[in-house]
Amino acid sequence: MSSTLLSSSAPCVDAQVAPVDGLYRDHRPWLFGWLRRKLGCEHRAEDLAQDVFVRVIQGRKQVRANEARALLTTIAKGLVVDHQRHAALEHAYLAYLASVPETYAPSPEAQAEQLQALVQLDRLLDGLPPKARAAFLLSQLDGLTYPEIAERLDVSLSSVQQYMVRAMSACYAAIHA
Amino acid sequence: MPDALNLKPAAGRSSDAAPSEAVVREAIVWWTRLQSGVADAQARESCRAWIAQDPAHRVAWDRLQDIGRDARRVPAALAHTALNAPASRGRRAALRSLLTVAGVAATGWAGYRHAPWQRLVADYSTRVGERQALALADGLRVTLNSDSAVRVNVSGNVRDIALLRGEMLVQAEPHPGASTLRVDTGDGQLQAERARFDLRRTADGARVGVYEGSVALLRHGVLTQLAAGERLFPAEDGELQRGATDPDRLAWVDGMVVAKEWRLDDFAEHLARQRVGVIRVDPAVGGLRLSGVFPLDDAERALKALEHSLPITVTRHTQYWLQVGPRDA
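Residue numbers (the numbering used here), protein chains in the order written: chain A, 250 to 426; chain B, 71 to 399.
Any given hint could turn out to be false.
Rough simulated footprint, nothing fancy, chain A against chain B, three-plus residues with beta-carbon under 8 Å [said to hold, decoys possible]:
| # | stretch |
| --- | --- |
| 1 | 89-101 |
| 2 | 105-111 |
| 3 | 126-139 |
| 4 | 347-359 |
A few chain B positions that, by computed beta-carbon distances, are all more than 12 Å from chain A [unchecked claim]:
| # | residue |
| --- | --- |
| 5 | V228 |
| 6 | E282 |
| 7 | E309 |
These are computed hints drawn from the structure, not numbers from a lab.
Note that the coordinates shown come from a computational prediction; the quantities given were computed from them, not determined experimentally.
Note that CB positions come from ideal geometry on N, CA and C, so glycine has one too.
So here's chain B without its partners, still in its complex pose:
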């Protein structure tokens, strides 16, 4: 459902004081009116005026919008089966019996995330939090980052690798009798004779960074040459953009992460790729900057260490869920 009002969020709203109960109640009434799907222009205008009346109104309104937006991240079909069963008590009982039948307690989320379909066809794969160095052939070495999978064909003189998921660092040297290394990136093909490069697949496309030698990328019929020190990454419009590599980005090979003036939310996302579960960063602190060298394998420890230098507090809700929020004054 589109937001009924196209209002820009106020800057720095999280630092604003909490709106009073009365304001929140009013805001909720306005919100429910505008969510009806049958509100007219006049109602929208009145609501807009109410919001503009007082900064506290705006804060309350933004909070409601956030709640609605977070709720809509859950697919409707899922929510109806998981949440919409009758009464809370009954629902819990129903959930418990489901649990007993399925024996979920023994496998659960972790077991499931460790067995995605790609693993079945991949020759090599790593679990979340695991990294693996592979010598695939003479002069061809690959290091897989956490939660990554590759399909490899190095029989005869063929040297093909498909990155199915995650990230890998490839070190390739020309070998007599072997053809050029070809790498399927998911949305293109990379070719390299002698190169050391990093390739990562993300939801919006593949990212490649060349650290030694050179590679050629064939994508949508366009050939792009990439030399050492260059990287390609998808820009917001989906087109590839050229930039400079940063060797510190490869610290994951040693189980470390080097952050230089990183945003806290980017840092958390980086750590989250190395563990099962989620790390949620409150937008109020997501933009804080940090620098340092941290271990990759213990997100909780890395984030806890930041509690000393940043005004944040890290809490663990379940074994899967770390929450990073502003420190209470």
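For reference, chain A alone in the conformation it holds in the complex:
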């Protein structure tokens, strides 16, 4: 499933984007090689290389020739981390699905939804202390009351309240900041 974004957007290339063209020609080969070594997979490297250039286009940045490599590598590193994280979440999701009896297995649509929701939640809760994350999950997903959560996590009731404030604040900031 290789992306055709660059070629399909070609008709509406404007002056600001034009430099990407040269950038793409000059740097794609080594970027692809770099990604292939990192990921060990040609197709993924192909896709991520496209993604890197899409980011450059979206950033609408003028890229100086002597900074191109550094910029592309920075973007690529970020994407590789995102990608590995996404793949790991996919793996966790597969493991979860395998544990669900077949009759209760969600439809393919529901599966895509659930995975997406998981990726989103992971993003929202990123960087939170483990107990704040656990409190949020126990409250929202398991439906436990704060006294139950306090007992489960072996913390005070007011700590649970603080964890919840902290977790929700992080979620809100991740979406609306």
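Could you slot chain B onto chain A? The hints should help.
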């Protein structure tokens, strides 16, 4: 967990200005109190009053409710194993090692979605984004839409098809010596002598549209006749409802989609069935209407094309995830 307050969302809230940081902080404190599971009626009443005090309060409150609701789409058991491991750094390391062991990078989501169990028993199936025309027997042709699977038995004079997943267009003509075509729809049985009909399985039931000839549907002991130009689809109460077909709905056979005053979220859902991954439409723009003819196989291109005519912006977060949101002013 049920929402602590049964409040109707305010109309057009997405266009409201963003609440201030102070308001959000207050809203979060209220929200955490009401989520405790031990809040009393008085606390709920006070919270209700706070929300009613100012439209900004309401906006902040609705946003928190949305976050909670989105979070609850993740099954608890899944979240605990996937997200609840200790500290972020450690978690990432743990995830990475998991990855190495399983070699997931090489297969991942796409590989998995392409191999659901139905494919093992189905005679014919299509991958996401793939369509296939099949000549199953004399006078019996089937076109499979994306991500569809059928089990076929056309040996001897038997003509049975079971639609296991997805959608198919069937063209059937009576054939000497062959019995009536029978189609298992998942929650009923369709019979046809001469007909051209479209059948789609969804989570809430099967949908059938007849374009030529006629079909009979036997479902829960009730026989329903359907003539050309008619379709049946499950209504919200689960009962079947009769409507008119629209030949443009069959444009998928040619790899196209014809939208006429469609809601943007319906359109995105339609495209999403043709690709691996998800397309997320911000509710703020989901109700925008659009018309046109679009290619089915390149959702990103189709949606990007709409950026010119609708106040939306399409971004790609990963190769699997397209986000459609309001365009920033």
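Verification of the hints:
{"no.": "1", "hint": "89-101", "in the structure": "holds (count 5)"}
{"no.": "2", "hint": "105-111", "in the structure": "holds (count 4)"}
{"no.": "3", "hint": "126-139", "in the structure": "holds (count 4)"}
{"no.": "4", "hint": "347-359", "in the structure": "holds (count 3)"}
{"no.": "5", "hint": "V228", "in the structure": "holds (28 Å)"}
{"no.": "6", "hint": "E282", "in the structure": "holds (30 Å)"}
{"no.": "7", "hint": "E309", "in the structure": "holds (21 Å)"}
The structure fails none of the hints (numbered hints given earlier).
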